[in-house]
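Chains A and B supply the protein sequences, listed in that same order.
Mapped onto this note's numbering, the consecutive letters of the first sequence carry residue numbers 1 to 509.
Mapped onto this note's numbering, the consecutive letters of the second sequence carry residue numbers 1 to 509.
No lab work stands behind these hints, which were simulated from the structure alone.
Watch out, some of these pointers could steer you wrong.
Identical copies look the same in the list; a pair holds intra-copy or inter-copy alike.
Within a straight-line C-alpha distance of at most 25 Å, the following computed PhoX-like cross-link-like pairs (lysine-lysine) qualify [to be verified]:
1) K344 x K88
2) K78 x K88
3) K78 x K58
4) K321 x K58
There are 2 protein chains.
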Amino acid sequence: MKHALSVTREQDFAAWYQAVITEADMAEDSGVRGCMVIRPWGYGIWERIQALLDARIKASGHENCYFPIFIPLSYFEKEAEHVEGFAKEMAVVTHHRLKGEAGRLVVDPDAKLEEPLVVRPTSETVIGTAFARWTQSWRDLPLMINQWANVVRWEMRTRMFLRTSEFLWQEGHTAHATRDEAEAETRMALEMYRSFAEDALAMPVIAGEKPENERFPGAVVTYSIEAMMQDGKALQAGTSHFLGQNFATAQNIRFQDKDGQTAFAWTTSWGLSTRMIGGIIMVHGDDDGLRLPPVVAPRQVVIVPMLRDNDEDEAVLDYCKAIAADVARQSAFGEPVRVLVDTKATKAAGKRWGWVKKGAPIIVEVGGRDLAAGNVSALRRDRLYTPEGKLASAIVARDAFAASVAATLEEIQTNLHGEAKARLEVAIRRDVTDFAGVEAFFAEGVVRPGWLEVEWARPTGAELDQVIERLKALKLTLRNVPLDAAPAAGVCVFTGAPAVERVLVGRAY
Amino acid sequence: MKHALSVTREQDFAAWYQAVITEADMAEDSGVRGCMVIRPWGYGIWERIQALLDARIKASGHENCYFPIFIPLSYFEKEAEHVEGFAKEMAVVTHHRLKGEAGRLVVDPDAKLEEPLVVRPTSETVIGTAFARWTQSWRDLPLMINQWANVVRWEMRTRMFLRTSEFLWQEGHTAHATRDEAEAETRMALEMYRSFAEDALAMPVIAGEKPENERFPGAVVTYSIEAMMQDGKALQAGTSHFLGQNFATAQNIRFQDKDGQTAFAWTTSWGLSTRMIGGIIMVHGDDDGLRLPPVVAPRQVVIVPMLRDNDEDEAVLDYCKAIAADVARQSAFGEPVRVLVDTKATKAAGKRWGWVKKGAPIIVEVGGRDLAAGNVSALRRDRLYTPEGKLASAIVARDAFAASVAATLEEIQTNLHGEAKARLEVAIRRDVTDFAGVEAFFAEGVVRPGWLEVEWARPTGAELDQVIERLKALKLTLRNVPLDAAPAAGVCVFTGAPAVERVLVGRAY
């Protein structure tokens, strides 16, 4: 069977990933080092993520704010561990003026800043400074805010959506009067991400605690959701950090409690980024391109009029618009169905496959014959082919199509989730009990080995370092300790000591 | 009559402006030079602006994208006029790493970028580069995109919302096959801003063409909407630029037309920013703080429970929530009414005035007595006082309140617009016919002199420079040539030559 992309997942997963992005017009190289242009179809997915996640963030009591993109260098010195950890590869603004010189533009050496400004890699330091100003009494707490913003981390090796120097994200930041409250908040954010991934993105994920070495610098506990890509690799798709009093101490976020005593607040932070779009591609895409879960598809139904440059065209177009109006009156997932009539001046023949590659959930072609018969020719992106390998487009009466569209979209959402869930469950093995088994599993030469969930003793310090080194040799990392894993009953696969819990091991993006 | 702010508009307009921002918790100094923190109430207004304007942008056929925040220095050299004009005071990234040195963090001299990166002051250059990639045939046109983004212009003297080094905006960018189409697009964007300001922000504006010296660098025509603040100054609140083929030539945006000939595209750009929030304050605010047009108020109705730390509190709270639920079922301006029960742990006494200062359109207090009688005590922000100078709160039956809330909100919107419109109309004088009259008008020592609309011959070059110098001595600028002004019939107030049109003259932010 011939597919729409020039490369399949089997052949070269990385090349396939890039081909999906290009062929679906999602993003492209900007010509600016490490930065991409997010094109309308890619950005439309981000807008859907924003709208849906923002509603959850607000419903759980958080308010949106905006903080400066620039953070004075000295702010990073306050939280030493934070600096040592990752805050080094950052874009630094040192000057504030260009000038003409011999017909060229150059940086004006006279316009050097007294203190360099870092382009935010994350906003704990600048938001913590504001929290310190806003917090006097227990009455001021909790502070629960969120920001949608661009951040920059200077990456040497970039890959679209997954790792770019500039990316878009939301970062939640909260401060609480008690440890319990802050811990509950951290878990709330994790659960918000988990349910969002499952429900909106049809993306099964494992929620759990990151091992010590994978914690956010300065955090006491870091949780993540981990999704499995079709090549078996893990994608960390959202993180939530319990920061204890570390940042509050460094930034002097103090308050008077009900008894008049001064105490440091307990803080959290949590983020989810455009990286998630890479996850959607690698979880749901197939050899014909992207497949979008209807909940986050910018357009759920696309109608392609088959125009022939003749007298009938106008009637066909009117017919398409009338169908679109019917469809837009339907409601799926509690919102009006998003429908588009593709009137671009390109040829109809290429259009349908264009929308297949873009992953529109339902694609409809309408020509003169359909108009005469009151029909449409409908294609479901999740079931593109018949068992015989033919395109599974179905002729449906116009009214029946409009009446069924919401149910079909909901079925597609469920199908995509089910497919991915089945893949994930098969790909996690839980029966390996020693390190030789780990080596064997990942050395098998299988293209998609998946993950292991193994028992371990949660070693720390030097002992943990040794474990990480051994895993590194196999290109493996510890992903997380799943919250809903079975209790440990045996011995640690790494140390042989009595196991205390179960941890996921895998390759990762 | 004592007012809620410590300074009135009469006493010191600039101090009053800052007091509104502080007392309404809209924004604050961030500690980072020229950058502010936009707090939830201020950001909530921006979110409303985004939602409403974005819907108009999309409805007129534009799609959202995202382009890099960094623009290589060399991109600015392509469009020479653009560079000479304003693109000089900009934040420049020169390094990509910090390092520890003697216990401090410093910029790592080994991590100097080969080519400096400018933090975007606007995105014509980087978007034009993409347009050049996307444009081969007339079939690819028009390109109609928009971006919501942060931009940075290094400002020496900043004022919250009005002029900050970093600000948030939308920038529309389009490319067309013909001059007519691009001109129509430029006017479409202007009309979109005009109607948005009038309808959503209740802000009367004058739409017109900027004089030559006030054009966007590289533009052939720049249009603006100008709003009048309560101190009589103008605020340029949105601009739309017809760029001709200037940027297309510099950036090589070419296409093959229907006849197979290669031609440069015609481009436009248009933007509206967080500056508009400053405009809302200065158009609608009064000596008790902000007054928000209901269409853009983050919360349209705020219910303050008067709790007394006794057994009755729970019943009062439940009663408030029930009223809020009734109100949320109402629809105003085609959307559900946005209502909040203020349950913060601060004292009720201060709460109502807090919401007055924040400008919530309808503020409701509910205590035990109201609960017993089935009433609420409602206050309209646009009519805070009785003619006798008492607070005009009204006791209303709960059901009647909920049933009337939508109509009241719509009335408040109309009232605020009417007030501002009346002020604007009185403040524009059109009968001055010579420069002595101009001098007399603005020298009168009146606090709010307003604007003059005068006839002029549209001088250019050195003659225009002279006009600008003469106006500058009076701290005046040419605002715009109103599109709907009467035709000119007399002589130019500046040159005495036969007049060709009418132009607005005023002080400006």
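Do the hints match the structure? See the list:
no.: 1; hint: K344 x K88; verdict: neither (47 Å within a copy, 40 Å between copies)
no.: 2; hint: K78 x K88; verdict: within (14 Å within a copy, 33 Å between copies)
no.: 3; hint: K78 x K58; verdict: neither (30 Å within a copy, 44 Å between copies)
no.: 4; hint: K321 x K58; verdict: between (36 Å within a copy, 18 Å between copies)
Checked against the numbered hints given earlier, this structure breaks hints 1 and 3; the rest are met.
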